[in-house]
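Let the hints inform the model, and build the full structure from the sequences given.
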Amino acid sequence: MQATLDEIISRYKAGSREALLPLLQDIQIEYGYLNEEAILKVGQHIKLPSSKVYGIATFYDQFRFVQKGRFHIKVCRGTSCHMHGSSGILREVERVLNIKEGNTTRDGRFSLEAVSCMGACGSAPVINVNGEFKTAISIPDIALIIDHYKNTI
Amino acid sequence: MLFDIEVNGKTIKARRGDTLLMALERNGIKVPTLCHMKDLLPSGACRMCVVEVEGRQGLIPACSHPVEEWMRVRTHSPRVVKARKTNTELLLSNHHDDCLYCERNGNCELQKFAEDLNVRERRFYGKKNKYKTDPSSASLLRDPAKCILCGRCIRVCEEIQKITALDFIGRGNKVQVGPAFNKGMNLSSCINCGQCVMVCPTGALAEKQYPAKLQDALHNPTVKTVIQCSPTLSVTLAEEFGLRPGKDIEGVMYAALRKLGFDFVFDTSFSADLLITEQATEFYNRLKSGTALPMFSSCCPAWIKYAEQTHPNLLANISACKSPQQMLGALISNHLAPGAGIKADDIYSVSAMPCIAKKFESQREEMTHKGITDVDLVLTTRELARLIRLNGIDIQQVEPELSDQPYQSRSSAGKMLAVSGGLTEAFIRTLHFVITGKETSDLKIQELRSTKGRKEYFVKIGEYKLGFAVVNGIGNIEPLVAEIKKGRTDIHYIEVMACEGGCVGGGGQPIHPENDNVKARAKSIYELDEKESNRFAHQNASLQDVYRAFLKQPGSDISLTHLYTTYEEREVMK
Numbered sequence: 001m002q003a004t005l006d007e008i009i010s011r012y013k014a015g016s017r018e019a020l021l022p023l024l025q026d027i028q029i030e031y032g033y034l035n036e037e038a039i040l041k042v043g044q045h046i047k048l049p050s051s052k053v054y055g056i057a058t059f060y061d062q063f064r065f066v067q068k069g070r071f072h073i074k075v076c077r078g079t080s081c082h083m084h085g086s087s088g089i090l091r092e093v094e095r096v097l098n099i100k101e102g103n104t105t106r107d108g109r110f111s112l113e114a115v116s117c118m119g120a121c122g123s124a125p126v127i128n129v130n131g132e133f134k135t136a137i138s139i140p141d142i143a144l145i146i147d148h149y150k151n152t153i
Numbered sequence: 154m155l156f157d158i159e160v161n162g163k164t165i166k167a168r169r170g171d172t173l174l175m176a177l178e179r180n181g182i183k184v185p186t187l188c189h190m191k192d193l194l195p196s197g198a199c200r201m202c203v204v205e206v207e208g209r210q211g212l213i214p215a216c217s218h219p220v221e222e223w224m225r226v227r228t229h230s231p232r233v234v235k236a237r238k239t240n241t242e243l244l245l246s247n248h249h250d251d252c253l254y255c256e257r258n259g260n261c262e263l264q265k266f267a268e269d270l271n272v273r274e275r276r277f278y279g280k281k282n283k284y285k286t287d288p289s290s291a292s293l294l295r296d297p298a299k300c301i302l303c304g305r306c307i308r309v310c311e312e313i314q315k316i317t318a319l320d321f322i323g324r325g326n327k328v329q330v331g332p333a334f335n336k337g338m339n340l341s342s343c344i345n346c347g348q349c350v351m352v353c354p355t356g357a358l359a360e361k362q363y364p365a366k367l368q369d370a371l372h373n374p375t376v377k378t379v380i381q382c383s384p385t386l387s388v389t390l391a392e393e394f395g396l397r398p399g400k401d402i403e404g405v406m407y408a409a410l411r412k413l414g415f416d417f418v419f420d421t422s423f424s425a426d427l428l429i430t431e432q433a434t435e436f437y438n439r440l441k442s443g444t445a446l447p448m449f450s451s452c453c454p455a456w457i458k459y460a461e462q463t464h465p466n467l468l469a470n471i472s473a474c475k476s477p478q479q480m481l482g483a484l485i486s487n488h489l490a491p492g493a494g495i496k497a498d499d500i501y502s503v504s505a506m507p508c509i510a511k512k513f514e515s516q517r518e519e520m521t522h523k524g525i526t527d528v529d530l531v532l533t534t535r536e537l538a539r540l541i542r543l544n545g546i547d548i549q550q551v552e553p554e555l556s557d558q559p560y561q562s563r564s565s566a567g568k569m570l571a572v573s574g575g576l577t578e579a580f581i582r583t584l585h586f587v588i589t590g591k592e593t594s595d596l597k598i599q600e601l602r603s604t605k606g607r608k609e610y611f612v613k614i615g616e617y618k619l620g621f622a623v624v625n626g627i628g629n630i631e632p633l634v635a636e637i638k639k640g641r642t643d644i645h646y647i648e649v650m651a652c653e654g655g656c657v658g659g660g661g662q663p664i665h666p667e668n669d670n671v672k673a674r675a676k677s678i679y680e681l682d683e684k685e686s687n688r689f690a691h692q693n694a695s696l697q698d699v700y701r702a703f704l705k706q707p708g709s710d711i712s713l714t715h716l717y718t719t720y721e722e723r724e725v726m727k
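Here the protein sequences come in this chain order: H and X.
With the working numbering, letter number 56 in the first sequence gets 56, and the count goes up by one each step, no holes.
With the working numbering, letter number 405 in the second sequence gets 558, and the count goes up by one each step, no holes.
Below, computed lysine-lysine pairings styled on BS3-like, alpha-carbon distance capped at 25 Å:
1. K41(H) - K336(X)
2. K727(X) - K361(X)
3. K47(H) - K336(X)
It should be emphasised that the hints constitute simulated quantities derived from the structure, not laboratory data.
Right, dumping it as structure tokens:
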């Protein structure tokens, strides 16, 4: 069962600012992203203004502020993938899904994230859908891969 | 302890514990700074203050490096100047070059760097951001596209005002400054004090302006235009025209405003006298019944918003009196207009204030009747100066005049609202009369004239032993509130001014990053009080006339209808 926001927050001592990042991480693990309510509540709990909490959270790439889709697509933009044309891959995914990197499609099915390196440099370029790697892909593959997930429950 | 260091081939004295920048400044050597803020810890972020120190490979930021005995410093060597110039060029590389259309054209630190460092060509081309302006606040206009990320607004908001409405958002080349969730300022915990505007080096933060309406009203014969000037204005406006800081140009200002075309010119000091008279009676009633004490002052709109969002349980303790601006606004609508046979709709009521929170205040729902605002437009000192220049009025050629009847006279007590502690001094004078029926002879309360963040003064008036506290800058309020919540009872009246120094240091005042004129303005107010023949608010002759003819007495039903207000809890993103 999913832990409620208050449950997660209560794991940390009130007023302890050092709890900020672990708290945000815990919330993201549970919910997949940080919403406004979470940021406001975290701020109240550790006595840090919400502007600061939001400022710090946006500093780190790991935090998301939009709910993840049913299928979360990570496009690797690391060095090796870059050399193998990952910028074109990212553009193609954005085109097919009609969303920008960091966002979620309106039907909530897909979300897109560009990441630095997923450690599969030998198989570049790679993308990852809900933890499943698609290796050495080319631009025409993208539409097929996305079609596949469109029809997956 | 003093020791010698060598700077630019000359020996200067330096003090142990100082930063290099402090040592240089103390010896009159100027090094440009950008992110540096006096009295705050250095952040060392902007690298404009770099200097060359012999024996060190890299350049050293003077603001954040302690001065040491062995140092031989060059503050303007070719290498240093080149570094500063490159810094400036990089800042300019993605800047929106719309200087001609910018609020701060001619008074911009970035422009000044470019000029001083002789930047004459564009060496770097950066991608310009597409941030939109945030017009959501009634007081503040935020234009992130012009921001150069020096961080001074964030620091003044967090470390001095202790509001923390702003922070850096994002990272790398996507960083911008904004409130939580990068939403509108109107939803944030911003109290509209405007201190961020005062420290912004560029036009990224400015007051919200409503320009077109006024010129139209001034030239529309059916509209009667009225202007009231804050007690602070007369000792500030001179600066904008190159005159001595603190110079009192009250009469000249009224004459200039008449030349602009205003039909009525009033001094808000009149309604400051009214506020003091009403508030002293309100306070005495609370004192007699022992309820809702301590009483907080209510004339600072930034403090009011702060209380509404942070201390809703203290709202009952805040004086129910409207601020002087709104009191005079209400009198103009309900006393002047009917008396002069003018329809309330035909009046365009303007106020000139050293404050941007007053813009917000004038638009509060409580300050309107059937959708019509008592004060239609609030101008800052800066905007008023611009208006005077726009209309080609040479302030040095204008002969002084008096303000208009029926609100012509004022006491110097009303004038004292301009400075932190001044309200309390003026209040005590009238309170003494309200309680004892006699005038006090103690007209200079030194304890309330210091620049400390909190001032306290204890005195016996009649049978009452009273304590007065002054909060000088909203950042100093929390400790006092905590003491009161813990049960401190020796304080009965608390003056809160959100800006340090009071209204003379307000967020609508002229912006001079290099000179601090707040002290000169305050000094001028105190001198004015020394010289004034009437130093008691309740002795104001025009005010006594208005009481006889309209208000009857302090706290009367008519007063309660027009001069008092209510506050309510406010939800913001804290």
